[in-house]
Amino acid sequence: MGQVIQDKVIDENLEWSRINADVIASMQNPRRAYWVTFAVCVSMFLCAIAAEIYQYKMGLGSAGLNNPHMWDMYIATFVFWIGMSHAGTLLSAILHIIHAQWRKPIYRFAEAMTTFSLMTAGFFPMIHLGRVWNLYWVLPYVSDRGIWPNFRSPLVWDAFAISTYLSSSALFLFIGMIPDMAVLRDHTTGWRKKLYGILCLGWRGDDRQWRNFRRTYMLLACILIPLAISVHSIVSSDFAMSIMPGWHVTTFPPYFVAGALYSGCAAIMTLFVALRYFFRMEEYMTLNIMEKTTKLTFAIAMVWTYLNLIEFSATWYGHNMYDKELLIDKATGPYAAVFWTMIFCGMVVPFTLCFQKLRRHMPTMLVVSILLNLGMYVERWMIVAPTLAMSHQPHQWDVLWGTVIQWAIVFGSFGWFGLLFLVFVKLFPCVSMYEVKELCLHLKHEIHEEEQAKKHAAKAGATSSGGASPAGNPGLEGA
Amino acid sequence: MSNHRLLAMFKDFDDAFEVIDKIKGKALSSVHVDDVTMMSPIEHPDIDEVFEGRPSNIGYFSLMGAIFGVSFGFFFLSSAQASFLVQPQGGKPVIPLPTNFVLMYEMLIFFFVWTTVFTFIGMSGLLSRRGTLYSEKLTVDEIGLVVEVSDSDLDSVKNFFKENQALEIREEKV
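Respectively, the protein sequence lines represent chains A and B.
Those letters in the first sequence? Residues 1 to 479, by the numbering used here.
Those letters in the second sequence? Residues 1001 to 1174, by the numbering used here.
Simulated from the structure, these hints should not be mistaken for laboratory data.
Some clues are possibly wrong.
Stated by the list, open to error - The calculated SDA-like cross-link candidates involving lysine to any residue, where the alpha carbons are at most 25 angstroms apart (straight line), are:
hint, chain 1, residue 1, chain 2, residue 2
1, B, K1158, B, V1036
2, A, K194, B, S1128
3, B, K1011, A, N13
4, B, K1137, B, L1126
5, B, K1092, A, R152
6, B, K1137, A, W16
7, B, K1137, A, A25
8, A, K194, B, G1125
9, B, K1011, A, E15
10, A, K194, B, D1141
As the list claims (entries may be wrong) - Only some residues are given here: those of chain B computed to face chain A with a beta carbon under 10 angstroms:
hint, residue
11, G1059
12, I1121
13, V1146
Stated by the list, open to error - The calculated label-pair distances, taken between Cβ atoms and stated as ranges, are:
hint, chain 1, residue 1, chain 2, residue 2, range
14, A, A457, B, P1098, 56 to 62 angstroms
15, A, M218, B, E1018, 25 to 31 angstroms
16, A, R192, B, R1129, 21 to 27 angstroms
17, A, K57, B, L1063, 48 to 54 angstroms
Please read these numbers as outputs of a predicted model, since none were measured by experiment.
No residue lacks a Cβ here, since even glycine has one placed at the ideal position from N, Cα and C.
Extracted from the complex, chain B is given alone in its bound form (with noise of 0.2 angstroms):
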């Protein structure tokens, strides 16, 4: 059972990279990639080949957001509309579909934009407590990498980070 995790931090991209390639080639037994994170400064571009089948899903709460807001807009402003109080006026629809529209659109967007800000704080673990391991230089320009390690694998997944110029290697207790 993992209960360390262990923040290596590198020079660069190169490095970290280096380090995920040996850990795919099975470089050490007790940590899979799926189990790596990484933490740098910016997105490198060629992360999503590194890091396979990680996908964000952000994209389909945002279309649930937009159908919820096109149908909220016509609801809401056809029970406006068609209130007990409306007075019909010669030649012109109660419910106005075309101006309709409009306002269905603006609605669409405003909670498409909604959810996908709701969405992308909830998914990617923002505003919520998390272990303790990190450092400041990560905003600067070094690259982290985090594992989650029994204490049987401790030492080797160190001695591992170290052979592979880590800079630092922080940890903490799970």
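Bound conformation, chain A alone (with noise of 0.2 angstroms):
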């Protein structure tokens, strides 16, 4: 069997007709488990809801937030969905340059989980404020009071980031659905029909528009790559910009990028197994495209865990005493048991990854990924809270595990990310239907050329066998 055979991550002979039939009946007939998920996201939301109307009226004490923990859970949060955005430019911007044609069915959902978790992750700052009626300040105007923001400060450079970011990878997704919403609007009726009319903004797929439409969604890629590592570097320079020990580190940057590609990753696993399910897509998200998630994963499990080891080698052999105590308090004190399992998610569960068995399994997959993501979230919260309960002073010492109307405004930002993507996934194809047409066109190229190939090898083999000497040299003796 030929490498492109064997390597094809779907059917190449589906007909272009049942591609858009399918995705689109999967729109609107998910199955049961769809609904009870969205149900569960709809509870959670709402539980976050309620404990925000209680903070907002009782302040942030309520939260447990007081000096010296000023940032705990919320900031931790938001490094996690910051991260978790990752994925969308991760899969869809770099795979799309480097044109790995397998990405194809998968970037959409990987996408709108970029816009969605950026959408969460702007949640916290605000809620994190206490006073989010006074939200307005940090904005850039000249106030009656003269005053502007510190443009010397992260903070306000997280502004500009993630506002920027959110807006690119908006419109990047949109763009990359344009002419799949045509699609929409030639097979819908109704409601739907309107939707995508307005949505598709007249697209008509003539040779003009394909032109324009793949060189912006290339600049746009190449451009969004750039912006993801620096938006989470600025994220990370909130911590390595200061004095505190654990945080004024050189290598954070690259670290949470690393993390977030990581956490990003594990989250399309994820979704991944949920939308296969859900809407019926095992002949488009196949398990030979699992498998090629899973190993991009495990490599970028293993750069995290080497930026992790090197980071914990820098704090022992650089001697600082603050730093170098935080780590064994780290690995010894109150929070030893979150710190173990962020090192036991994070660096053993992806060697799980190696085993083909284990990455054709989907009920498998699932519970690793969710166990890598659970890893990653308490990294950010070893991050965070650790340096806060341990930091210079030892009479501000404070060891804080959250109450209960923190974790509930936590656990809710899941709900809010699920509902969100959930309606998303039942408004707008989860799988792109031109991409996946152009996939099938492609396979059926390569394998055409690869059995032609093989045609003139074979061709080739049998001339020169005829004139082989006993010697054994064809190719010589045949010249």
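Take the two lone chains and join them into the complex the hints point to.
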């Protein structure tokens, strides 16, 4: 069997009309599990709303936030969601640029994940402010007090970077969907037809539109990669530019970026399994695609593991008393259980991805991906909380586990994200129809070329073996 | 003068490319290949070779957007920092360049992206009123070729398409 045929990620003989029909049908008729998950997400979100209303009335003290724990889980969750958003950029932009064809059936939901993760992350600095009604103070406007934001602060850089990333990734998602909106406009009825008719912006699929589309998509993909890296580097600067032990680390930007890609890939695995089941997408989200995604996740997991170990050794050999004590305290102190959970989930669990049987078993991959993300969540918590709990001044040492209010808001953010995502995949195709068609065409060409090459090789072999000498050097003898 | 627009539908790219090759070979004296528009459900990877000399200039506008973004970022931040109400802090510059670089970088990307998207919409003729010549099969699996012809050439062009495996021909008056 040829390499192309062996590695093919989708059946190239899928009829194009069937691709349209399957994707449209999936949007209209998901399995019951979709609605159950939807209900769970709504209830989680409602819990968060209730907790936020309580916190709004009572103040940040109800979340347990006080000196020295002024950030804690809200900011850890903010970093987690920002990190999650990097998967869309990785899977869509980077793999698009290097022409990795296997991304085509799954990049759409990864891009959606980027946008919704950012929308979730954006809430946390507001929630964490406490006085949310004063949020507009952070905007750079000339107020009657003549106060501008402090442009030297990484927190202001965050505002610029995240708003740029949110708008850019939303546009990237939208532009990539335009040809599919036209498909939906042509093949749906009622309110859906009207909605897609507006959103496709009058797309007709002529060669000028396709040419400009390809160019635009490539340009956006190219610019999104440095943007994504800058966003998470800036988020890491929130910590690294301070002088707190455990935060003032030069490797923080690449460490954050690797962690972001890692958690994003793990989230893609989770959503892959879920969407494949909810929308009966077995033919499009194939096991071969899952395998490639898991291999990518494993590679990134190893990068993250390496950066973690580098950070530990730099702290250990650096002989900075505060940093070293904090590291020992993380491993043996009150947060030890959380720290070792991070090590286990982030560094050990990925080795399950080395086994092909497990990589192709969807329930196992669902559990593994959730464990990986658990590891990545507690990693962010272990960046924020121990430093605040055990910083320079012993009289300030204080361990905080978060109150019910804080947990409820953090928990509810998963509900909010899930809600946005589930509404999106019900309204818009989670599989890109035109890209799957392109993939089928591409595969057909490749398989045809491989078969032709085989035929030529067989012909050449037959010709040369006819004139071969007993010494067995057919090429030279034939010549 | 062209006063008719024809849309010929073909079952796949090969048939459509064959017709384009014939038009290039002057099989139709009244139609030049530059006047042919192809409509398809996907973009064929060889389309640039088929329609040579049809560039996309979006990149230039993106570059202009980026230059504008970086300049805007610098002047916006500088004017904010060097306002009349500024209170100089000992040892710190009023306009701190290193931190401004970060924000200028973000502004560069912001304007790059928005300029690219607006240029795409403008250059692709999206949001503009176009002819009604269209078929829903174009978003399924068929390929369309659109040409503009005059009254006198209408029949000959239609016959040409029919002879070359066109599945369906639609027309509208321009």
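Cross-check of the supplied hints:
1. Distance restraint check for B:K1158 and B:V1036: the Cα-Cα separation of roughly 14 angstroms lies within the 25 angstroms cut-off, and the hinted pair is therefore satisfied.
2. For the proposed pair A:K194 and B:S1128, the alpha carbon gap of about 17 angstroms is at most 25 angstroms, so the pair holds.
3. Under the criterion of a C-alpha separation no larger than 25 angstroms, the hint pairing B:K1011 with A:N13 is consistent with the structure, at around 16 angstroms.
4. A C-alpha spacing of about 20 angstroms is found between B:K1137 and B:L1126, which places the hinted pair at or below 25 angstroms, so the restraint holds.
5. Distance hint between B:K1092 and A:R152 is fulfilled; the C-alpha atoms sit about 10 angstroms from each other, no more than 25 angstroms.
6. At most 25 angstroms may separate the alpha-carbon atoms for a hinted pair to count; B:K1137 and A:W16 meet this at roughly 11 angstroms.
7. For the hint pairing B:K1137 with A:A25, the CA-to-CA distance comes to about 18 angstroms; that is within 25 angstroms, so the pair holds.
8. Between the alpha carbons of A:K194 and B:G1125 the distance comes to roughly 20 angstroms, so the proposed pair stays at or under 25 angstroms and holds.
9. The hinted pair formed by B:K1011 and A:E15 meets the criterion: a straight-line CA distance of about 13 angstroms does not exceed 25 angstroms.
10. For the proposed pair A:K194 and B:D1141, the alpha carbon gap of about 23 angstroms is at most 25 angstroms, so the pair holds.
11. The closest approach between the C-beta of B:G1059 and any C-beta of chain A is roughly 6 angstroms, which is under the 10 angstroms cut-off, so the hint is satisfied.
12. About 7 angstroms separates the beta-carbon of B:I1121 from the nearest beta-carbon of chain A, less than 10 angstroms, and the hint is met.
13. Interface hint at B:V1146: satisfied, since its Cβ lies 7 angstroms from the closest Cβ of chain A, which is below the 10 angstroms cut-off.
14. Distance hint for A:A457 and B:P1098: a CB-CB separation of about 60 angstroms, consistent with the stated range 56 to 62 angstroms.
15. Against the hinted window of 25 to 31 angstroms, the Cβ-Cβ separation of A:M218 and B:E1018 comes to about 29 angstroms, which satisfies the hint.
16. A hinted range of 21 to 27 angstroms holds for the C-beta pair A:R192 and B:R1129, which are about 23 angstroms apart.
17. At about 51 angstroms, the CB distance of A:K57 to B:L1063 agrees with the hint of 48 to 54 angstroms.
Of the numbered hints given earlier, the model fails none.
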